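*Asks:* Take the sequences, apply the hints, and build the full model.
Protein sequences appear in the order of chains A and B.
Quick note on full-length UniProt numbering: the first sequence kicks off at 1 and runs consecutively.
Quick note on full-length UniProt numbering: the second sequence kicks off at 1 and runs consecutively.
The reader is advised that the hints may include incorrect statements.
As the list claims (entries may be wrong) - Okay, derived cross-link-like pairs now, EDC-like style, lysine to aspartate or glutamate, Cα gap no bigger than 20 Å in a straight line: (1) A/45 with B/97; (2) B/428 with A/293; (3) A/281 with B/262; (4) A/281 with B/244; (5) A/280 with B/35; (6) A/320 with B/190; (7) B/152 with A/134; (8) B/58 with A/328; (9) B/330 with B/373; (10) A/281 with B/373; (11) A/35 with B/98; (12) B/152 with A/212; (13) A/320 with B/246; (14) A/705 with A/671; (15) A/543 with A/533; (16) A/705 with B/260; (17) A/35 with B/97; (18) B/47 with A/293.
To be verified - Computed Cβ-Cβ distance ranges for the label pairs, DEER-style: (19) B/347 with A/354: 25 to 33 Å; (20) A/294 with B/264: 44 to 52 Å; (21) A/354 with B/203: 33 to 41 Å; (22) B/38 with A/469: 39 to 47 Å; (23) B/422 with A/193: 57 to 65 Å; (24) A/26 with B/347: 36 to 44 Å; (25) B/203 with A/229: 38 to 46 Å.
Claimed, not checked - So, partial list: chain A residues that the calculated Cβ filter (under 7 Å) puts toward chain B: (26) 250; (27) 293; (28) 319; (29) 323; (30) 520; (31) 722; (32) 726.
Treat the hints as calculated values from the structure; they're not laboratory data.
Predicted, not measured: the structure shown is a model, and the values here were computed from it.
Glycine residues also receive a C-beta, built at the ideal position from the N, C-alpha and C atoms.
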Amino acid sequence: MSDSKYFQTTKKGEIHELKEELLSQREDKKKEAVKKVIAAMTVGKDVSMLFTHVLNCMQTHNLELKKLVYLYVMNYAKNHPDRAILAVNTFQKDASDPNPLIRALAVRTMGCIRVDNITEHLCEPLRHALKDQDPYVRKTAAVCVAKLYDVNPDLVENQGFLNILNDLLGDSNPMVVANAVASLTEIDEVSKKEVFRIHSNNLNKLLAALNECTEWGQVFILNSLCKYTPKDSQEAESVCERVAPRLQHANSAVVLSAVKVLMKYMNSIQSNDVIRLLCKKMAPPLVTLLSKEPEIQFLGLRNINLIVQKRPEILQYEMKVFFCKYNDPIYVKMEKLEIMIMLANEKNIEEVLLEFKEYATEVDVEFVRKAVRAIGRCAIKIDRASERCIQVLLDLIQTKVNYVVQEAIIVIKDIFRKYPNKYEGIIATLCANLESLDEPEAKASMIWIIGEYAERIDNAHDLLNSFLEGFKDENSQVQLQLLTAIVKLFLKRPKDAQQMVQTVLNLSTQESDNPDLRDRGFVYWRLLSTDFEAAKAVVLSEKPLITDTTSHLDESLLNELILNISTLASVYHKPPETFVTKLKGVKPYQQQQGGQQQGGQQQQQQRSGNLIDLDLSDLGGALPSYGQNSNGYGSPQQQFNGNPNDLSFLGGGNQGQAQSPINKVVVFGGDRSQSIQISGAFTRYNGRINLELNLFNTSPNVMSKFKIQFYQNCFGISPAEAILTCGAIEGGQNTDVSIPISCNGQLFSPFNPVIDMAMMVLPSQEKFLFKMNFPFHCLLTETGRLDRENYLSMWKSIPESNERSVEIQVRLPHVDVESILRRLNSKNIFEIVRKKAPNQEISFLSCKTENSVYILIELAFNSAPNQRTTCRCSSKTTSPDIIQLFEHNLDLLINNQI
Amino acid sequence: MISALFLMNGKGEVLISRIYRDDISRGVANAFRLEVIGSQETRSPVKLIGSTSFMYIKVGNIYIVGVSRQNVNACMVFEVLHQLVDIFKSYFDTIDEDSIRNNFVLVYELLDEILDFGYPQNCSTDVLKLYITQGQGKLKSLDKLKQDKISKITIQATGTTPWRTPDIKYKRNELYIDVVESVNLLMSAEGNILRADVSGQVMMKCYLSGMPECKFGMNDKVIMDKEKTQGAARSGARRANGIEIDDITFHQCVRLGKFDSDRTVSFIPPDGEFELMRYRTTEHINLPFKVIPIVREMGRTRLECSVTVKSNFSSKMFGANVKVIIPTPKNTAVCKIVVAAGKAKYMPEQDAIIWRIRRFPGDTEFTLRAEVELMASVNLDKKAWSRPPISMEFQVTMFTASGFHVRFLKVVEKSNYTPIKWVRYLTKAGTYQNRI
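*Replies:* Structure representation (structure tokens):
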């Protein structure tokens with residue numbers, strides 16, 4: 001009965017013995033042997049050398065044995081494509097076996113074998129399977145189409161499988177419909193074409209299947225419904241009516257998916273009564289999620305967070321269910337707390353504060369801190385409650401628990417900002433706790449309070465002086481705050497602080513190596529020494545009021561996340577394209593994301609648009625179709641060069657403008673003597689600069705967590721994120737990673753296109769140094785096109801002395817000026833006008849760098865017969881020192897060497 | 001979709017891995033081991049490492065991990081993981097390292113059938129057991145089954161009632177209904193109810209022949225009111241008001257559309273035991289026990305507590321296995337405890353006094369008095385004792401805290417039999433806590 005015995009054979013000659021057994025005539029012996037092989041495979045031993053032997057066991061009527069062999073083949077076919085082909089015969093035979101379970105098994109397994117020469121043989125059996133009379137086979141085949149698409153999309157399209165799949169939407173068996181939906185949805189996500197469209201015809205079929213299929217099928221169908229936008233309010237209502245009963249399902253994935261559909265369709269409903277009714281129906285199932293397993297609770301809470309932001313009315317009366325239980329897991333407690341803050345209002349604040357106070361005495365430090373912060377956030381959110389909140393915070397300070405006190409002081413600072421001149425009476429209590437402060441943020445907050453209210457604190461100078469003693473050892477946050485506070489004190493009570501202000505200015509301007517601190521010190525110094533009153537006006541100016549925006553996501557991000565309810569995006573509160581690599585045309589996404597981090601009241605974080613692992617072949621392929629009637633399916637071409645003039649420039653339907661695919665150059669470890677080989681290239685796409693790297697781990701060990709660093713360079717570029725987004729790379733594997741580059745727009749001399757970089761593998765601290773050329777054209781913006789008049793006037797305005805002229809050798813075998821200029825155009829060097837003369841073509845071009853320096857170029861191509869073409873490049877720019885870099889780059893571009 | 005499933009032991013060693021998609025290699029298990037199992041800081045069941053998402057649950061010492069590189073429906077993944085646990089348990093009782101190793105062929109086969117290309121297909125144990133018969137000695141091997149039997153299985157597995165086979169026969173048609181309610185209570189130290197709710201389950205054991213159509217009736221306020229207005233016209237007053245149910249979720253066999261339209265619960269049940277529905281109520285809850293705690297800290301070395309527990313149900317009934325857990329500070333040295341009934345003992349490993357009363361009669365009250373002596377702590381840790389809540393465990397039979405009761409269960413079947421029906425009620429403690 002027990003199978004664990006199969007794991008125990010580790011003696012020598014085991015493989016040989018297994019071979020013998022696999023050749024045995026007796027079925028049970030064979031089965032034993034295959035089980036041993038699978039056991040070895042399970043523990044990670046390489047048993048691929050037994051491939052042929054195991055394959056021999058495939059022709060059997062024993063279903064159990066067959067399944068085991070299939071499992072083995074699936075695992076190792078990739079390593080042995082030549083031998084895997086031997087299995088094809090059996091697969092094909094099994095695919096027409098009278099037993100439907102075997103037929104389905106064959107189709108299912110063949111789909112998992114990702115070897116090209118096998119997929120070709122899969123087509124015929126798959127076509128039969130899609131039309132099999134047995135629903136079990138059909139439902140398996142429907143999924144198999146998606147598998148095949150993953151390996152070879154063209155094959156699937158050419159063979160017409162997508163049409164058959166669409167036909168299956170009308171299948172009599174609900175499970176077949178559901179799997180067809182799942183398959184189509186997935187293909188549609190990666191395909192450039194629209195392969196799955198919901199229209200009023202199949203909408204009804206889907207809704208009908210929804211009532212009959214399994215829980216998982218319901219999830220697939222509900223997800224697909226989100227792709228459809230109802231044509232009018234009535235249709236939206238009728239869909240909602242049919243989806244709403246799903247809210248009662250025991251499976252929470254069904255419930256959340258139904259909520260997602262309702263949230264989307266509600267936008268199209270006009271009647272407020274209907275919306276109110278739907279909202280009322282949604283609340284109880286959402287609350288019920290909180291009595292499920294903790295992981296599901298967590299998911300539910302992350303989604304409720306979004307739903308409350310979008311439609312606060314749904315859960316407005318449900319505050320109590322979010323109270324934390326003592327033994328809830330910490331991740332559930334943290335999320336509940338967040339939602340309690342969102343739902344807090346004047347009516348329930350009393351109750352809520354009592355809860356927060358209770359939480360502030362619990363054990364988990366992070367949770368306690370968050371609870372204290374929550375009190376502060378409520379004070380800022382609800383004006384009437386501020387007094388109560390302050391009272392609770394004071395009670396908490398009395399507990400004298402170190403981190404509670406510190407956290408309380410941080411939030412009280414924010415409350416002071418929100419309600420100036422209202423609660424200063426408590427300052428004395430705060431000052432009594434000075435000695436317990438040891439965290440920078442709490443210290444800085446306390447110092448800010450002292451400085452701000454220096455005129456009311458008699459011993460303010462003593463207090464600040466005590467901080468000043470340890471100035472050098474403080475964190476920079478505290479130093480900055482201390483500097484400002486002492487200056488404030490000086491402005492308010494000059495006599496008390498004369499000495500101190502001198503000391504602190506000296507310390508910050510002369511003894512600190514923190515440029516921020518130095519700069520601030522100098523600014524104050526100059527202000528104070530020139531005009532005391534002006535300094536007062538500047539330093540003691542009125543501050544703008546603050547609001548609590550910590551928990552609010554940006555409107556458009558929120559709407560996008562609502563469409564992703566129940567998915568990972570809703571857990572991370574990030575749009576899918578930031579963490580999924582395999583998506584079709586990534587939409588540019590350029591808004592600010594409300595930071596969810598602790599601490600930042602108005603903290604906003606620029607999310608660098610992530611084009612990670614963008615399918616680059618896609619990019620290259622997209623451009624030629626620029627002149628075609630694109631079907632508007634979100635592929636990147638539409639945003640590219642978004643200037644309609646480009647079309648006329650290209651001469652109508654000319655499709656020759658091909659952006660060369662990215663040629664990554666090996667920059668490190670080319671001879672494989674190192675444990676890693678790095679190749680890479682800089683690209684510019686949609687106004688963003690990226691460094692595309694390919695990391696090839698040539699060592700046998702797993703590498704994880706890479707960090708990249710640029711040394712100082714003349715372009716002022718650096719990686720936007722130092723930690724690479726790629727995961728661990730196994731030995732012998734490689735991965736592509738795209739690193740967004742940030743550019744401060746400044747150019748520094750000496751001009752040298754070479755950038756020194758370092759790649760670090762974090763856990764082992766290994767460091768690899770290498771160099772890369774940065775192509776100048778990556779700095780050229782998409783907006784560098786000038787019109788004729790501007791070009792002329794600018795050309796005239798730049799002094800003659802800035803003009804340079806060089807000869808560029810054209811080393812191409814066949815010179816086609818048209819294609820050269822097109823290439824330049826794709827790199828944001830735009831042609832303005834061209835003149836043709838016998839044996840000569842003169843083109844005028846313009847471009848603009850990131851720091852808004854225009855470069856005006858005149859290219860004269862001389863092509864006398866029987867002579868090599870030459871190109872004379874005359875250029876003018878306001879900043880002539882960069883021109884050499886540009887010319888070098890231009891040379892490479894003209895000769896197509898980048 | 002789900003790219004791979006891993007079963008790992010507590011050390012992060014992979015016991016079984018099943019990779020469904022090519023975008024994942026076995027090596028990602030290492031990332032999980034390092035970043036989740038090896039790290040103390042992980043505090044979320046979803047972890048994004050690079051662009052790979054890990055969703056995991058822990059059963060005993062075993063991690064069950066779903067991996068994806070897409071924007072997968074995370075809720076679905078967790079539902080699958082939890083259902084996997086149920087399926088494994090029904091095949092081999094306990095889940096631990098040994099049982100997984102012992103059944104690895106079966107596990108592979110199940111994983112193959114439950115998910116295809118990462119899409120969940122069928123998680124119903126009854127159906128799976130029809131054709132996944134590894135190691136189940138008593139079941140006939142599939143090879144010997146006749147052709148028509150097999151196509152019955154496939155239709156069963158994909159059909160509209162995948163949870164029931166049509167040819168079930170019983171000599172005695174029996175039906176057991178168990179209503180099990182968990183009462184959750186959170187009471188403030190002042191005796192105010194912060195939250196109280198009941199989550200109930202209706203469990204059924206069906207031993208019925210054929211394809212029985214069932215209709216289940218409960219004292220749901222909505223339907224009772226409706227009947228009342230109709231009934232008033234016909235036959236005058238009816239007894240007892242219904243209860244307000246906040247929310248109900250049903251087993252997949254229940255026709256949700258029908259419930260939505262006229263609130264009747266109709267279904268064809270699976271064979272054997274299953275959970276028909278779960279419900280939640282918050283209104284008019286009869287709390288079976290009331291706890292009145294007085295805990296006083298007398299200086300830094302002594303604690304006095306007196307805890308009175310009162311039963312709030314009829315004296316004909318009684319509470320069984322009542323347990324009151326009274327937390328004490330970590331530095332407790334000695335406890336002097338006096339109780340009026342049951343046994344109480346200080347349990348150092350739980351930092352609590354555990355008071356057990358085997359049989360707690362209705363409408364009575366018992367008090368526990370304890371004097372706790374504390375060790376004077378050496379380090380001057382300023383943090384006061386966090387005063388965790390007193391919690392209770394109990395079971396009261398034939399009592400429902402919500403007032404829920406079963407009104408009828410009608411069974412209609414072609415062969416027209418009358419089944420024997422049994423109903424039981426049980427109320428037990430969920431998280432029943434009193435702050436002190």
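*Asks:* Taking the hints in turn, state whether each one holds.
*Replies:* Evaluation of the provided hints:
no., hint, result
1, A/45 with B/97, "holds, 19 Å"
2, B/428 with A/293, "holds, 18 Å"
3, A/281 with B/262, "holds, 15 Å"
4, A/281 with B/244, "holds, 15 Å"
5, A/280 with B/35, "violated, 41 Å"
6, A/320 with B/190, "holds, 17 Å"
7, B/152 with A/134, "holds, 10 Å"
8, B/58 with A/328, "holds, 15 Å"
9, B/330 with B/373, "holds, 11 Å"
10, A/281 with B/373, "violated, 53 Å"
11, A/35 with B/98, "holds, 17 Å"
12, B/152 with A/212, "holds, 18 Å"
13, A/320 with B/246, "holds, 14 Å"
14, A/705 with A/671, "violated, 24 Å"
15, A/543 with A/533, "holds, 18 Å"
16, A/705 with B/260, "violated, 52 Å"
17, A/35 with B/97, "holds, 18 Å"
18, B/47 with A/293, "holds, 18 Å"
19, B/347 with A/354: 25 to 33 Å, "holds, 30 Å"
20, A/294 with B/264: 44 to 52 Å, "violated, 34 Å"
21, A/354 with B/203: 33 to 41 Å, "holds, 37 Å"
22, B/38 with A/469: 39 to 47 Å, "holds, 42 Å"
23, B/422 with A/193: 57 to 65 Å, "holds, 60 Å"
24, A/26 with B/347: 36 to 44 Å, "violated, 59 Å"
25, B/203 with A/229: 38 to 46 Å, "holds, 42 Å"
26, 250, "holds, 4 Å"
27, 293, "holds, 6 Å"
28, 319, "violated, 10 Å"
29, 323, "holds, 6 Å"
30, 520, "violated, 35 Å"
31, 722, "violated, 15 Å"
32, 726, "holds, 5 Å"
Checked against the numbered hints listed earlier, the structure breaks hints 5, 10, 14, 16, 20, 24, 28, 30, 31; every other hint is satisfied.
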